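Protein chains in written order, with our numbering: chain Z, 1 to 95; chain P, 96 to 275.
Where hints are given, some of them may not hold.
To be verified - If we take Cβ atoms under 10 Å as the criterion, some of the chain Z residues that face chain P in the derived model are:
#1 16
#2 24
#3 77
Derived by calculation from the structure, the hints in this document are not laboratory data.
Since this is a predicted model, take the numbers as computed values, not measurements.
Glycine included, every Cβ here is placed at the ideal spot set by N, Cα and C.
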Amino acid sequence: MMEPTDSTWREPARLEAAADWFCHRLDGPLGAGDQAAFDAWKAESPANVYVYARAEAAWRTYDDPRIAVIVRAMTAAQAEASHFTAPTPGNDDDL
Amino acid sequence: MNRRRQSEYSEQDSAVLDRLDRKFRRSLLTYFGRRTSDLSDLEDMVQDVFVRLLKRGGASELERQNLSAYVFETASSVLTDHFRKKITHRAVNHEPFDQNRHGGEDFSPEHVLINREHLERTSAMLLELPELTRAIFVLRRVEGLKVKDVAARLGISVTSVERHMRVAVWHVMQRNGADQ
Chain Z
1 MMEPTDSTWR
11 EPARLEAAAD
21 WFCHRLDGPL
31 GAGDQAAFDA
41 WKAESPANVY
51 VYARAEAAWR
61 TYDDPRIAVI
71 VRAMTAAQAE
81 ASHFTAPTPG
91 NDDDL
Chain P
96 MNRRRQSEYS
106 EQDSAVLDRL
116 DRKFRRSLLT
126 YFGRRTSDLS
136 DLEDMVQDVF
146 VRLLKRGGAS
156 ELERQNLSAY
166 VFETASSVLT
176 DHFRKKITHR
186 AVNHEPFDQN
196 RHGGEDFSPE
206 HVLINREHLE
216 RTSAMLLELP
226 ELTRAIFVLR
236 RVEGLKVKDV
246 AARLGISVTS
256 VERHMRVAVW
266 HVMQRNGADQ
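Turn these sequences into a full structure, and let the hints steer you where they fit.
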């Protein structure tokens, strides 16, 4: 497959469409109409196929079980930090 | 104050650092001291705030109207990075060796380092998302909940969960692309 240039696959509308299709398919098998629309979208351009593969790759990034450990700990650490109120801004005049 | 790094800076930059130090050091130490138990890192974190401010604009940054707010905003991002490094370090070092999963992998130091950086980056991407979007992505992707269960847990609609998921996936795709 031809690899689309950087600017081609970064087009926001294409990324958005790929994310939409990807999330739609996560929620269960597509109906016949949606499946046809998905196939048509992929047939439109090799860049669509490429960007869709990127969505799948991005999703797989989070397969590593260590991610869950890190993310849980980060969330806990942030929640703990937010218990403290931000300090009152001081008077900057004497700078 | 810890001045070991000051010699690397120009006279003007050093003056900026001195002014920031006089004005904010004490309150930044209190800020970090309340939020982390790593007392040995406090000085470094304060220095990190000043260095980041300096890198962004130096003396001109000091003329900002809301300088204090800006300084503590920077402190908050230093704190996030600190947690991230600490937690990633712990998770990576405590991962038990699993022959089935790791047996065939290349364990050269370089390979381990790349993995650690990758883990950090991948986790940090989620911190860039708005809080609700991140929570939804984590429940769905990391904790493996179904859309309707995420919706029930957070008391929001299924449509809303789906919308946040699309934003999160889009964000991760975009950030992954930036690293290519």
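Verification of the supplied hints:
no.	hint	result
1	16	holds, 6 Å
2	24	holds, 8 Å
3	77	holds, 4 Å
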